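Undergrad: What follows is the residue order along each chain.
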Amino acid sequence: MSLILDHVNYIYDEDTAMAHPALIDVNLQIPDGQFIGLIGHTGSGKSTLVQHLNGLETPTSGAVYFNGEDISDPDFDKKDLRSKVGLVFQYPEHQLFETDCFKDVCFGPKNLGLSQKEVELRAYEALKMVGFPDEYFYQSPFELSGGQKRRVAIAGVIAMKPEVLILDEPTAGLDPKGREDILGLIKKLHDEMGITVILVSHSMDDVADYVERIIVMNKGRVAFDDTPVNVFAHYKELEEIGLAAPQVTYVMQELAKAGFDVNAQATTLEQAKNEILKAFGRC
Amino acid sequence: MLRDITLGQYYRTDSVIHRLDPRVKLVATFIFIISLFVVKNFWGYLIAGVFLAVCIKLSNVPPKFIFKGMKTIFFLLLLTMVFNLFLTPGTALVSFWKFTITYEGLKMASMMAIRLVFLITGSSIMTLTTTPNNLTDGMESVLGPLKKIRVPVHEISMMMSIALRFIPILLEETDKIMKAQMARGADFESGSLIKRAKSLVPLLVPLFISAFRRAMDLAMAMEARCYRGGEGRTKMKPLIYQKRDRIAYGVLYTYLIVAIAVGRILF
Amino acid sequence: MIRTDNLVFEYIRRDEEGNVEGITRAVDEVNLDVKPGQFIAILGHNGSGKSTLAKHFNALLYPTEGKVIVDGMDTSNGEYLWNIRQEAGMIFQNPDNQIIGQVVEEDVGFGPENMGVPTEEIWERVDESLRAVGMLDFRKSSPNHLSGGQKQRVSIAGVIAMHPKCIIMDEPTAMLDPNGRKDVIRAARALNNVEGITVILITHYMEEVIYADKVFVMDKGKVTMEGTPREIFSQVERLKQLRLGVPQVTLLAYELKKNGLPLPDGILTREELVEELKKIKNVANT
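Protein chains in written order, with the numbering used here: chain A, 1 to 283; chain B, 284 to 550; chain C, 551 to 836.
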């Protein structure tokens with residue numbers, strides 16, 4: 001039982017004229033090892049939510065528990081929490097600051113107070129893990145391409161060996177191949193390191209192929225929390241809150257309506273293909 | 284913390300003062316400051332105080348809001364008062380241990396305090412009732428004559444208005460980078476002064492890089508929209524004096540004359 | 551409207567000491583011809599040279615070799631500089647970094663002010679431009695309080711107010727969420743259809759180009775593919791090689807075809823796919 005949110009409310013800019021609720025009665029359980037997609041459009045509260053998970057924000061009311069401990073407790077070690085719940089921000093390459101990539105990745109583990117040897121070992125492993133080419137290790141991070149910079153930034157968080165890895169819009173601004181590469185990398189991290197991954201995105205298409213659970217946020221509330229198939233079945237409601245199910249969902253729904261013998265719940269390209277081929281007796 | 288500073292903030296409401304031409308308000312602030320330094324006696328300050336009170340009343344800005352801004356300069360105020368109180372020589376009033384409070388010191392301290400409070404209240408009325416945009420436009424126009432001696436007035440005011448536009452963006456960005464580094468275990472709050480200064484590197488480097496990138500982008504966007512300096516530019520909102528502005532000038536000069544007469548000559 | 555003749559752009563790479571490390575050819579012998587009123591899309595992965603190319607259309611960059619002609623004016627002729635920048639407006643990627651004004655309407659007026667348009671006409675232009683992108687209600691707002699998509703629409707209004715013949719949009723949606731993306735693309739299409747403004751859209755979102763009249767695909771500074779969206783998207787394997795994807799529906803149709811269903815090449819929308827599948831089913835039933 002890794003992370004629990006219990007009736008979490010968060011009011012943004014409390015005590016000012018601009019006060020407005022960013023999170024309203026959020027209850028979630030995030031068990032170890034899950035691969036979760038957190039979906040919502042800008043302003044839905046999804047970014048605020050993930051900042052509660054590693055103690056960057058504190059709930060106005062309600063509580064967040066990590067391994068059974070209340071993280072707002074004064075005795076609770078927040079620094080330790082932040083190393084166990086790694087958060088990769090949107091456009092993480094904007095946080096790079098060191099003169100070379102390797103040093104930048106060392107920043108996180110060094111802050112944990114590890115020995116120099118351990119720090120370097122972790123940085124090396126992390127960079128290897130994200131598939132960063134050796135020859136760029138000692139190059140300035142500012143000379144890299146967008147995709148490579150992002151890998152360095154992700155490695156910077158992985159080097160802290162988190163148990164939960166949260167990525168806020170990790171594919172923003174990348175081209176299609178770059179997006180695919182980063183999503184593939186995240187899947188690999190989940191599979192090989194056995195860690196919990198929370199992928200924050202505003203695109204259903206991005207997450208549908210990868211995650212086992214989707215949490216949809218809308219206006220500060222959890223609107224849906226289920227498997228992709230069950231969430232996408234609500235495609236009409238999703239549209240109402242300004243999100244869309246993946247394109248194939250629509251195709252399958254329309255085909256089912258037109259009398260095709262297909263399972264309309266297919267959410268991935270692969271499933272859709274197999275369903276349609278089956279309907280035509282080609283499989 | 285940054286939210287508490289009301290100095291230089293705009294208070295959105297409607298009033299005569301809000302509607303005045305920014306040039307009038309700039310000149311008024313200038314005249315008010317001059318009057319504060321010219322007058323020498325209690326009656327002069329009384330007139331300045333009344334003038335100020337009338338302006339506050341007319342501006343429709345809640346006095347509470349104005350004085351909230353004072354909190355940030357309270358320390359400065361206290362310091363000036365203490366210095367004046369103890370370090371002015373003259374007739375002793377009270378004395379204890381090594382300190383002596385003199386009659387002159389008391390007078391000096393209270394005058395300094397009144398001056399400072401008036402000065403800050405006066406200039407904050409200007410900023411509270413004038414949008415930053417209007418203010419830069421007004422500056423450009425008031426300082427216009429300086430162009431003749433090659434002061435880049437247009438460029439300065441353009442820079443100011445761009446700075447004002449980007450301050451909130453950069454503040455937000457600072458917050459974001461800070462959080463991102465805290466997520467990597469950075470500690471901005473504890474440790475010795477040197478350690479804390481060092482801990483700012485991971486914040487400042489990305490912030491500068493981002494600011495430079497924004498500056499480059501903005502320069503390109505401005506060029507693409509045919510920006511080529513102040514030459515040959517027209518204004519969407521040109522400043523034109525209305526009747527109320529002329530009346531305001533009249534009131535202003537009357538005030539200055541009265542304040543000088545009362546505060547310096549008559550008594 | 552815009553023509554390039556053997557356009558080449560090179561820049562010199564330098565190391566930290568300023569020594570020349572080498573020369574990079576960012577744009578390599580590009581020949582384009584964009585007709586007035588067209589909706590053109592330029593596709594390419596990051597670093598393919600598409601943004602560098604776009605900056606030539608607005609005389610922000612000048613060719614190393616070859617020529618760029620905008621509405622009959624050679625961009626390397628300094629005399630035409632301001633005319634070119636007025637006729638070929640430009641929208642950039644980052645919504646924050648191209649808004650100059652602190653109030654929406656003032657930002658839209660910035661271009662006309664620079665051009666020396668009389669005050670009254672500026673107001674007219676600001677009104678009509680904000681209306682064209684559906685942002686009239688926000689005219690008094692601060693740009694800082696708008697969403698990314700709204701900011702980009704303000705930027706578009708800022709360009710329209712200069713009465714351009716052509717708008718070049720350099721990845722205008724890269725930093726937006728799906729709703730913002732939709733709004734911006736809708737605004738761009740409306741400008742093209744209603745006002746007849748030529749639009750050149752640079753992007754790597756495949757879904758955004760299916761309405762274009764013509765698509766150019768760039769790789770390593772060269773134009774490697776050109777044609778209608780249908781022609782381009784029928785070459786799925788080629789696009790994948792170029793680090794690009796295809797819209798999910800097109801990909802599904804492609805996969806189905808590979809598995810033996812008699813579908814036509816380059817299906818673009820889900821309606822099309824459903825229709826085609828129905829046809830096949832009817833044939834099979836009869």
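No wet-lab data here; the hints were simulated from the structure.
Owing to the predicted nature of the structure, the values given are computational and were not obtained by experimental measurement.
Think of the CB as a built atom: it goes at the ideal place given N, C-alpha and C, for glycine as much as any other residue.
Treat the hints with care, as some may be off.
With a straight-line Cα cutoff of 25 Å, these simulated BS3-like cross-link-like pairs (lysine-lysine) come out [unchecked claim]:
| hint | chain 1 | residue 1 | chain 2 | residue 2 |
| --- | --- | --- | --- | --- |
| 1 | A | LYS128 | A | LYS177 |
| 2 | A | LYS103 | B | LYS462 |
| 3 | C | LYS764 | B | LYS518 |
| 4 | C | LYS772 | C | LYS790 |
| 5 | C | LYS585 | C | LYS790 |
| 6 | C | LYS807 | A | LYS177 |
| 7 | A | LYS257 | C | LYS585 |
| 8 | A | LYS257 | C | LYS831 |
| 9 | C | LYS617 | C | LYS605 |
| 10 | A | LYS187 | A | LYS219 |
| 11 | B | LYS431 | B | LYS526 |
| 12 | A | LYS78 | B | LYS518 |
| 13 | A | LYS149 | C | LYS828 |
| 14 | C | LYS605 | C | LYS770 |
| 15 | C | LYS772 | C | LYS585 |
| 16 | A | LYS177 | C | LYS790 |
| 17 | A | LYS78 | B | LYS459 |
| 18 | A | LYS84 | B | LYS430 |
| 19 | A | LYS103 | B | LYS481 |
| 20 | C | LYS585 | C | LYS605 |
| 21 | A | LYS103 | A | LYS117 |
| 22 | C | LYS808 | A | LYS177 |
| 23 | A | LYS78 | A | LYS128 |
| 24 | A | LYS128 | A | LYS103 |
| 25 | C | LYS828 | A | LYS257 |
| 26 | A | LYS117 | B | LYS481 |
| 27 | B | LYS431 | A | LYS149 |
| 28 | C | LYS808 | A | LYS278 |
| 29 | A | LYS84 | A | LYS177 |
| 30 | A | LYS219 | C | LYS617 |
| 31 | B | LYS481 | B | LYS459 |
| 32 | A | LYS219 | B | LYS481 |
| 33 | C | LYS732 | C | LYS690 |
A few chain B positions that, by computed beta-carbon distances, are all more than 10 Å from chain A [as the list claims (entries may be wrong)]:
| hint | residue |
| --- | --- |
| 34 | THR296 |
| 35 | PHE320 |
| 36 | THR363 |
| 37 | VAL365 |
| 38 | THR374 |
| 39 | GLY427 |
| 40 | ILE460 |
Undergrad: None of the hints should be skipped; say for each whether it holds.
TA: Structure-based check of each hint:
1. A:LYS128 <-> A:LYS177: Holds, because 20 Å separates the two Cα atoms, which is no more than 25 Å.
2. A:LYS103 <-> B:LYS462: Answer holds: LYS103 (chain A) to LYS462 (chain B) is near 20 Å, not above 25 Å.
3. C:LYS764 <-> B:LYS518: violated (39 Å)
4. C:LYS772 <-> C:LYS790: Status holds; Cα separation ~17 Å.
5. C:LYS585 <-> C:LYS790: violated (29 Å)
6. C:LYS807 <-> A:LYS177: Given that 25 Å is the threshold and the Cα spacing comes to 23 Å, the pair holds.
7. A:LYS257 <-> C:LYS585: Violated, at about 42 Å.
8. A:LYS257 <-> C:LYS831: holds (14 Å)
9. C:LYS617 <-> C:LYS605: Cα-Cα ~13 Å, so holds.
10. A:LYS187 <-> A:LYS219: violated (29 Å)
11. B:LYS431 <-> B:LYS526: Since the Cα atoms of LYS431 (chain B) and LYS526 (chain B) sit roughly 29 Å apart, the hinted pair is violated (cutoff 25 Å).
12. A:LYS78 <-> B:LYS518: Violated, because 54 Å separates the two Cα atoms, which is more than 25 Å.
13. A:LYS149 <-> C:LYS828: With Cα atoms ~47 Å apart, LYS149 (chain A) and LYS828 (chain C) exceed 25 Å; violated.
14. C:LYS605 <-> C:LYS770: Holds: LYS605 (chain C) and LYS770 (chain C) sit about 16 Å apart, inside 25 Å.
15. C:LYS772 <-> C:LYS585: Distance ~20 Å between LYS772 (chain C) and LYS585 (chain C) Cα, so the pair holds.
16. A:LYS177 <-> C:LYS790: holds (8 Å)
17. A:LYS78 <-> B:LYS459: Between LYS78 (chain A) and LYS459 (chain B) the Cα gap is close to 18 Å, so the pair holds against 25 Å.
18. A:LYS84 <-> B:LYS430: violated (60 Å)
19. A:LYS103 <-> B:LYS481: Roughly 16 Å separates the two Cα atoms, so the pair holds.
20. C:LYS585 <-> C:LYS605: holds (18 Å)
21. A:LYS103 <-> A:LYS117: Since the Cα atoms of LYS103 (chain A) and LYS117 (chain A) sit roughly 13 Å apart, the hinted pair holds (cutoff 25 Å).
22. C:LYS808 <-> A:LYS177: holds (22 Å)
23. A:LYS78 <-> A:LYS128: violated (28 Å)
24. A:LYS128 <-> A:LYS103: holds (14 Å)
25. C:LYS828 <-> A:LYS257: This hinted pair holds, its Cα atoms lying about 11 Å apart.
26. A:LYS117 <-> B:LYS481: At roughly 22 Å apart (the allowed maximum being 25 Å), LYS481 (chain B) and LYS117 (chain A) satisfy the hint.
27. B:LYS431 <-> A:LYS149: violated (49 Å)
28. C:LYS808 <-> A:LYS278: holds (14 Å)
29. A:LYS84 <-> A:LYS177: violated (30 Å)
30. A:LYS219 <-> C:LYS617: Distance of about 52 Å is beyond 25 Å: violated.
31. B:LYS481 <-> B:LYS459: Within the cut-off at roughly 19 Å; holds.
32. A:LYS219 <-> B:LYS481: Distance ~39 Å between LYS219 (chain A) and LYS481 (chain B) Cα, so the pair is violated.
33. C:LYS732 <-> C:LYS690: holds (24 Å)
34. THR296: Nearest chain A Cβ is 13 Å from THR296 (chain B), so the label holds.
35. PHE320: holds (37 Å)
36. THR363: holds (31 Å)
37. VAL365: VAL365 (chain B) clear of chain A: closest Cβ-Cβ about 32 Å, beyond 10 Å.
38. THR374: holds (49 Å)
39. GLY427: With a cut-off of 10 Å, GLY427 (chain B) remains clear of chain A, as the shortest Cβ separation is near 37 Å.
40. ILE460: Non-interface label fails for ILE460 (chain B): nearest chain A Cβ at 6 Å, not farther than 10 Å.
Hints 3, 5, 7, 10, 11, 12, 13, 18, 23, 27, 29, 30, 32 and 40, counting from the list given before, are not met by this structure.
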